[in-house]
Each structure stands twice: as structure tokens, then as C-alpha cells.
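Could you build the full structure based on these sequences and the hints that come with them?
Protein chains: 2
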Amino acid sequence: MPATPDNQVLIEHLDPTSDRAVFRQIADHLRAAILSGRLGEGDQLPSESQMADHYGVTRMTVRQAVGVLKGGGLVESQHGRGAYVRRRPQVRRLGSDRFARQLRQEGKAAFLAEVEGVGAKPTVDQITVSEERPPDDVVQRLHLGSRVKVVVRRRRYLIDAHPVEFATSYIPAEIARGTAIAEQNTGPGGIYARLEELGHRLDHYDEEIRARMPDPEEARSLQLAAGVPVFQLIRTAVDVDGRPVEVCNTVMSSDAYVLDYRLPAQ
Amino acid sequence: MPATPDNQVLIEHLDPTSDRAVFRQIADHLRAAILSGRLGEGDQLPSESQMADHYGVTRMTVRQAVGVLKGGGLVESQHGRGAYVRRRPQVRRLGSDRFARQLRQEGKAAFLAEVEGVGAKPTVDQITVSEERPPDDVVQRLHLGSRVKVVVRRRRYLIDAHPVEFATSYIPAEIARGTAIAEQNTGPGGIYARLEELGHRLDHYDEEIRARMPDPEEARSLQLAAGVPVFQLIRTAVDVDGRPVEVCNTVMSSDAYVLDYRLPAQ
DNA sequence: CAGTGGTCTAGACCACGCG
DNA sequence: GCGTGGTCTAGACCACTGG
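Protein chains in written order, with the numbering used here: chain A, 1 to 266; chain B, 1 to 266.
The hints are simulated quantities; they were obtained by calculation from the structure and are not laboratory data.
Worth double-checking, as some hints may not be accurate.
A pair holds if it fits inside one copy or across any two, identical chains being indistinguishable in the list.
[To be verified] Within a straight-line C-alpha distance of at most 20 Å, the following computed SDA-like cross-link-like pairs (lysine to any residue) qualify:
no., residue 1, residue 2
1, Lys149, Ala182
2, Lys70, Glu218
3, Lys70, Arg210
4, Lys149, Arg81
5, Lys149, Gln78
Written as C-alpha cells, this is what we have:
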């Protein structure tokens, strides 16, 4: 009479007659456990060795299964510690009125004011300002000639020391050169307030939103786990004369943000 | 004197003194080749065996490298054929005025009219209509009681036979029951035209946008390659009395869409 | 049929974390 | 020091594509 170790109950979860690959079946089990709540956010998965024993497969097969869940953003692993059900960080809602409001707020940049308002600690770092030839898509959006330079502002935004987005703004040098827009600190109300003071009364913003996987540099800068896509939001500010005066390219961690827009029906 | 086969030039690309894992170095090489255009969209990568020979590693190591690029959405592999630089399909731009327009268009649903307008063949399939208890988040958004039922409309949209999005609409049964909204074919102008005919003049739409990796069911339904995230767009239609009359939950392939919004500055 | 990617084994050694 | 995940080897067999 053969021995029947207790892991037999788990081994029975595998269907050897199924066409579905073993590692996919294991991934399915883990996914079901997570979605059902049997494994909650932050819970540790069984170790790879344990699962290999349980299912009667090698560690490499288990790793394939876990890899599926990591690619789907459900699981995050930490070298030397274990694999965990990924926690969804607190999201920040970006309303479509955020810039209308900003124009009225004096003294603080919108990001700082809003994040402090919910009791978190906002930071802006990696600020650089330079004058450059813009990339082609920016040339198009700003209706510039091919040799025209722009002031380029780069910065990264963090909430409670967690990076959530970074942005690059392009303003025609003709407008921004020598103004506060070309300084590290643009002063109260940010560059939109400065643009209006310079006579470019703003009419509207056009926003283009894409979603994609980050490149390795973006993943590093935003400390993204595997399986977390980014929003790419390209905003063009247009003044009342119909002239585009700024393009801002923002890359945001998709699990730090929900974008809210209100559209009139007419 | 040892033989130096021609693949030696490629083997030299590996830096054995580097801390970076071999499969990451290989992935870096391939990514650089793709981003520089040396490998263009649709081009076939060297076979796994070829790369294993070139770099002097096993096939499993090469597969890890290719897996990195698949997870990033850069590469797509086809069983028995090879691995290819992924093609980005044509994108459809979703303007924020798409529903204001729709109200004026008679005779055709907005999706069909717009896609035909660019010379492509639009399809809607998997249409189902039923009456159900809505999920919690829909109960909240529609300001409903806990036992109230809604008419649920599901459908999938395809462009040139490629699925690009699927959507689920929830309309309070009290409003929709017995009307064209509860039929397969809602008639000219779609459900928004019917809602207005029923006396619910629409005031605005609230849209919430998220990005995330698809679950396996979504990936199958939208035929998504690995490394392609989805947009999830939840739209709530509100009538002039301030009553939410529809919630529509749409899941879209992120590489089929760019979302465009225009925001007034004031 | 040959060549491709997909799955899986049975090991090995390493780097990291934590007690 | 021990358990964890990370990397890598050297095979094997399979499923699929295409000539």
C-alpha cells in the first residue's frame, strides 16, 4: 500500500488529463485564491519549494506559474523574503478641473496643496531646467519651426516618499527665456500663472492619454513592480489667441492614479 | 590556436564582469536593436537556438531574455513560427465630444459611423441584454437601493474583425424596462437618444479612467498579446435633474486607443 | 520533414533577509 | 545559518508552422 502524503490533497488540484500546461493550472489556482480573498493583499504565497513539493513539480515550473501572476500585476516577489499578493497603493484622483482651480490658488503649487490636503507628504525632486531642441512630436504640437528652441522643465513627484509621476514641460524659448518659467522655482501658481502674467491668457488644455508598459528607465524611476503599466498624458495648453504655449508630457504609475473627466452632454 | 567562429562578435557583447544578469544583458541588446530601428516592427528575432549559440548560453536563458521583452509589450512570439517585434495596430482616437456629436447623429450608432468614416469595417458582437442585480460599485454610482434591478447590456466592438473593446451598460430597470433600451437593437442614436426621448435630458457624463493589466478572460476576449495593458473607462451619464441614468463600464485594448479630452481653462 | 517556440526535469550555485 | 527567491545549465519531449 503506497504512502499518501498530506500534500496529496493539493496534488489532486492538478488535472493531468487537461491540455492546459501545469504551470498555467498552478497560476489559475493562485489567481483564484487571490481573487476570492483566501490570499489577501500583502499575504505571503507559499514558498517556491513548498509549492514544488505540493504539486509534485520542479521549482522552475512553479516559478513559471508565479511569473504569470507577476506579469499580471497580482504578485510581487522580494529577493530573500518571499512572494506576496501585491498591495494596491492609495490612488490619487486627477479631476479635469485641476487646472481651473490651480489658477485661483495662490502661494502653493497644485500638487503640493492637494496632497497635503489629504494628510500626505508631497515632494518634488529631480528638477532640471534647460534650453533644448524639442523632440519632433513637441515641435508639431507647439506649431514651431524645425530650429526653434524651447525651455525644458523636468521634475518628479512623490507622495510620502513614493514616486508617482514624472513630467517634462516644453515652453517656446521665445516666451519663457529670462522669465520665472526658466527658474527652478516658478513661484506661486506655477508656470500657468506665469504664462498668464506674460499675456498668454489660457483658453483650454488638450489632453491625450495613452497606457502602456514602462520602459526599464521609467520602471526604475517610478519604482514600479512588474505588471504595472503607466499612463502617458500629453497636455497642450492653448492661449486665447489659439497659440499652443506649453506641452507637458507626464508619465504616471497606473496604480497611483484614477483620471476623472466631466463632459458636458451638449 | 583556437577557432573563433563568427558568432564571437556577438558573444563579445556580453560583459562577464557585469553584475547584470546575462538574460538582462541579452534583453538589453534586443531592446536597443528594436528602439534603434535595427529591428523594425514585424521583423523576426533570431531563433532561440541561434541566440543561445551566439551568446554561448542555454535556450532557457535566452527564453528569459525574450520573456522580459514580451512582458514589456515589445515582442510577440508565435508557436512554431518565431518571435517578432510587435506591430502597433492603428489607433482610434476617442474625443471628449464623441457623445455630444452622437446626440445629433441619427440612423447609425456612433461606433459604426466613426469607424466606417475612416474606411474600416466595424462590427458589434456578443450582444446580450438581461435584467440583474448590479454590482456594488454600480449601485453606488446610480444612487440605487440595495435590492433594485438594472437592465444590463453587454457587447463587444471590433474593427476589421479585430476586437478592440467590450462594454457593459447598467440602466435602472425602472427607466429601461419595456423600452428599446432593453432590446438587442436600441435604434438610431443608441441608448442616449432613447433616454432623452424618455424624458431624461442628459446634462453631462462623468468618466473615470484606469489602466491595468487584463485578467486572462479579458486578454482572451480582446486577443491581447502579452505586455499589453487595458484602459478601464467607467462612464456615468447624468440627466438635467442630477439623476445618474446609466453607468457604462468599458475595457479597451490600450494599443487600439488614444483618449483625447479638451478642458476649458476656466 | 526540419525548424520553431512551449513545457518540464533535476539539478547547481548565488544573493538577499532575517533571526 | 537557514530559508527565500534569482540565475543558469544541459538536457528531454512536445506542439505548431511551413515547405
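(request) Could you work out which earlier hints the structure fails to respect and list their numbers in ascending sequence? (result) Of the numbered hints given earlier, those the structure breaks are 4, 5, listed in rising order.
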